[in-house]
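Visitor: Quick note, the sequence shown lines up with residues 1 to 1218 if you use the working numbering.
These are computed hints drawn from the structure, not numbers from a lab. Check the hints yourself; a few may be wrong.
What the hints assert, rightly or not - Listed next, the in silico BS3-like pairs over lysine-lysine satisfying Cα-Cα at most 27 angstroms (straight line):
hint, residue 1, residue 2
1, LYS665, LYS961
2, LYS303, LYS217
3, LYS217, LYS162
4, LYS303, LYS278
5, LYS213, LYS162
6, LYS437, LYS483
7, LYS431, LYS77
8, LYS430, LYS486
9, LYS339, LYS288
10, LYS339, LYS257
11, LYS1139, LYS217
12, LYS291, LYS217
13, LYS490, LYS431
14, LYS537, LYS486
15, LYS339, LYS299
16, LYS437, LYS339
17, LYS665, LYS537
18, LYS430, LYS483
19, LYS77, LYS437
20, LYS339, LYS278
21, LYS430, LYS481
22, LYS963, LYS537
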Amino acid sequence: MKKFRKVLDGLTTSSPGGGTIGSPSCGSAAGTPTTAPTPKEIDVQETLVSENFQLCKTVRHGFPYQPTALAFDPVQKILAIGSRSGGVRILGRPGVDCFCQHESGAAVLQLQFLINEGALVTACADDTLHLWNLRQRRPAILHSLKFNRERITFCHLPFQSKWLYVGTERGNTHVVNIESFILSGYVIMWNKAIELSTKTHPGPVVHLSDSPKDEGKLLVGFESGTIVQWDLRAKKADFRIYYDEAIHSVSWHHEGKQFMCSHSDGSLTLWNLRNTSKPIQVTFPHGKIQKDGRKESCKPILKVDYKTSRNSEPFVIFSGGLSYDKAGRRPTLTIMHGKAITVLEMDYPIVEFMTLCETPYNNEVQDPYAVVVLLEKDLIVVDLTQSNFPVFENPYPMDIHESPVTCTAYFADCPPDIIPVLYSIGAKHKKTGYSQKEWPVSGGMWTLGSHTYPEVIITGHADGSIKFWDGSAITLQMLYKLKTSKVFEKPKQNEGRAAELVDDDPFAVQMVSWCPQSRIFCVVGISAHIILYRFSKYDANTQIVSLEVRLQCDPEDVISPSENENNPCFSEPHSGSHSPQPHHQHPASPGSGTPESFKDCTPCLKVKDRAVRVPPGYQAELVIQLPWMDGEPPQQISSLDINSAYGLLAFGNCNGLAVVDYLQKTILLCMSTLDLYGAADPYQRLTRSPRRNRQSTSEFCMRGLSNFYSDSKKRIRTSYQSLTELSDNQQSVDTERSKSPTSDHVNGHCTSPTSQPCSAGKPRVPMGPEGPRLARRGPGRPPFRKAQSAACMEISLPVSHTEGFASRRAMLQQLHGVTMYSHDEHHTTTSYCWSDRESRENSFSRSRSSSVSSIDRDTKEAITTLQFGESFGRKSDTLPTPCLWVGTSLGVILLIPMSIPTDLEERMEEPVTIGPCGAVLMLKGSVLRFGFLDCMGALVPNPYEVWRDLNAPEDPDRPRKRKLVHYSPSSSQDTCGEGHLAIVCSERQAKVFLMPSQSCLFVHNITESSFVLRADVVSVCNSVCLACFCANGHVMTLSLPSLRPLMDVNYLPLTDMRIARTFCFTNGGQALYLSSPTEIQRITYSQEMYDNLQEMLGELFTPTETPEAQNRGFLKGFFGGNAHTFDREELFGEAAAGKASRSLAQHIPGQGGVEGMKVAASGAVGELARARIALDERGQRLGELEERTALMMTSAESFSKHAHELMLKCKDKKWYQF
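Working from the sequences, and respecting the hints, build out all of it.
Guide: Structural data, given as structure tokens:
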């Protein structure tokens, strides 16, 4: 418990952060109080300490990115998916979802469950085998085995065996003991497996399997087409098959007398063990006979499964095999059932598939009931029990990446009624036609924990869609989907050059703002548009109102990009006034109602000009667009905030600020950032002359981008489709792929959200091949080529000055040619262009201090964050009034007071007046976030309007009136004095101001070597703190209001742009980000949630009795061979096989066992659970022993009975009668 005081006489007060007194203008040391006169003593009891914070990952949602392997435990009924980045996702029933990561990051080649044993073997591309313990909620590695001289190509683990067969690239087969993870001395050498007369190497091992008839026989398939059945006891080959075509997979018939192979020529061959000289059947399932009598060439069949069924014909399931002449056909899975052939077309290439069967024994009738198909970007399960083969409805959120994710928002502790309402609306639009059976992957256990509260996650996508997800209890479930593109007209083929729109994403979402209490929702799109939605449970006919806001420089007054840029002349004649401006509604056409001088102004998109029928849910009410001006594209919106209590919406970009009254549909304010200052401009802005060399911005962009690649040698991925085409070590990208996602280099226009107009007057055509395309750009064309998807970005951010970037601004400029933005839930952060000299010298050490005397000649002050709230606009104010807090990219904070009528009728008729700019405060670095505390240190929520359904039928007894909820920041003025605390965080610094005196109480310099990407004031453990995420990967928390460092963890050593754009904090000590283009990673930095995480996670392993093997009968068991007498321990053990060479493989012990014991020993519940599992296993073994004993007794009795009958029959016969 710390107590911080500020007294009127300005005497020094000590604090844990240090006792040095600093001026607010110069910035003091971390957590240092500054001399600040206050009306009365401020007494804040801080309760948070460093022990309240612990950073860890909680759960990962979405589809595993770049999957490579698949495995299924038929007894536990859990599924495992391996990925190229070394990740393993283990899935069970909904709620059972676990992510594991190999530290090496090597791709997972193959997965093998120890069926019903609670363990998993992974084979990785670095030739290492790992054994994972799944009997703990967070799996860990028990053992690892690193092969030094051979590369692993295939693994096989027989059911109920502790010996793993490992095939290598050299053609050898090794045996590994699963319990000790030590290599056996038993080796099947490739030169012994093939005949001595064979002159060629058989190739790598592509298949290993034991014979269903005799476990002592191992079938080895080589890539060249050679198949060998190896007798493990005799250590020799039973037979060898040499086939002309390469082998991809082999599948046994359950009786062990036949097996089927798939080949590279698209054929299937069926072999009988009685005659292995040639196949008994060769089929080309998709190869037709041509006119000349030859078979048409087909693609390889990559895998085949041959499964028998008790009540029907066998199933032959395979992937691939289509003919080459049918170009453009989608990947297929073919199911051959008897004479019926069903071809299932897939949306993405097939990575792997696995047939799910009723029994885990390979020598019994398989009875397949489903097929799990792992695609490159999806997971589907096909129901084999129905003739039309429907798919199961996937309960996991595997479609997050249906369209590339461009932004995220995270809301914890939402109103409890919002999730059921969204789910009920979204359930009406669910797809149908799924299988009626239950999802077959139903393993594990999961229960709703006690520490749960409503959580909503919102994702914005490149196609303009918005998805609402229920994120409560660390799960993820789709609630509702909204398509913003329905607000606009579809581009017609005969309008303009429609062919150029094919690859465009004109509706891509940049940021969202949501008020859960009032259910007001705002979307900012890449076409410089804002859509305001209201929620309704009823459908309605709606006429969407459109407003055009000309937040743009006048091209006639701009001679060059560097001349007069800090004194932009806005299009509205009286844009600098503070009275409501005449608004322009455009239901008929985009250009109607505009002044004469702006007839050529056209928005990027055309809003539907007719009344439209909208379904229940979120319904568009207002569209705000920034139009083109004289061929110049609008600058993208960089910040946004909306307040339902005020009925106001504010947004800004690099040109200025606009405030819109969405109740009256009027524009209240539209002015440049410079005009907002008035006489209070803290900077001395120098006059400049035009540049000598006038060149188009596209040349700046292209040169800057080429410098980026040549200097930093990092990769940029500009489209979702090209993600898998880049190799891990690629350091150069071709010209087409190197185009920035937010810069239109082709057409010479900078389209970054904070960039300035690129050139004077009409755009100039650059010299070179891009020139003719530049001239075709005209009004109404989207100012972009491809939406900047957060999923498409993979660029490493600099982490220190030594990497050549002194600031976040400089790095983002260099990255995107001119400018770059970075958004969050209610704001974005902007950057500036760099000069010709900076581009040539690649120097980015420009001073970012707020005390600079002049501004770099090529920068423009952008609006980076906005927030409405009750505050004090001026020092002389005695009562809080509605204010708009404005943060700029130069570290300046502006307060704009407003006068809003309180009465409902007056609010709809009287104008909202905006006063002149009040306080001007300053920080180092671009402003990122505002937060407000009362004088007791409690968080002051934003005022809001209680939700009311405007489309509901009128009820005379309960009239629909506006109900406003206000939180006064001076609620405790009797004890702490009037006023409140304002927390402001920039990319370098955090400050706490006392309002209305505007005194700086505390200053903390967050980072010197990096910069803050995300910051938010969040509630943790019934208190509040400031959470920050830096570009160098550090996650930090600071106490409030003293700004004491509480936690600083180097969480992500190298941050890429995708994470930077999607990282967001929320209350309860949680955060999330897009860890890959298809996955969302959630983390917690709360010790309380960390302690309760074990309770919230699902159990992967549940004690389950292994199914009994079918009784083979006495005679069949007696005369059917010695399949059950094979002792692998006697054959592969050290006594018989000896030790393997130490140089061949290295054993690496893991920490999984120790960690598992620690987790289990953390409480009595863990001990009881372990004891219960041990007892269950012991009882299971005793039961199996008893059953075997009973079976032996039954067989003995049967044998005695038959022997007695035979004796009676032969008793009276003479010897010659036999």
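Visitor: Which numbered hints does this structure break?
Guide: Structure breaks hints 6 and 12.
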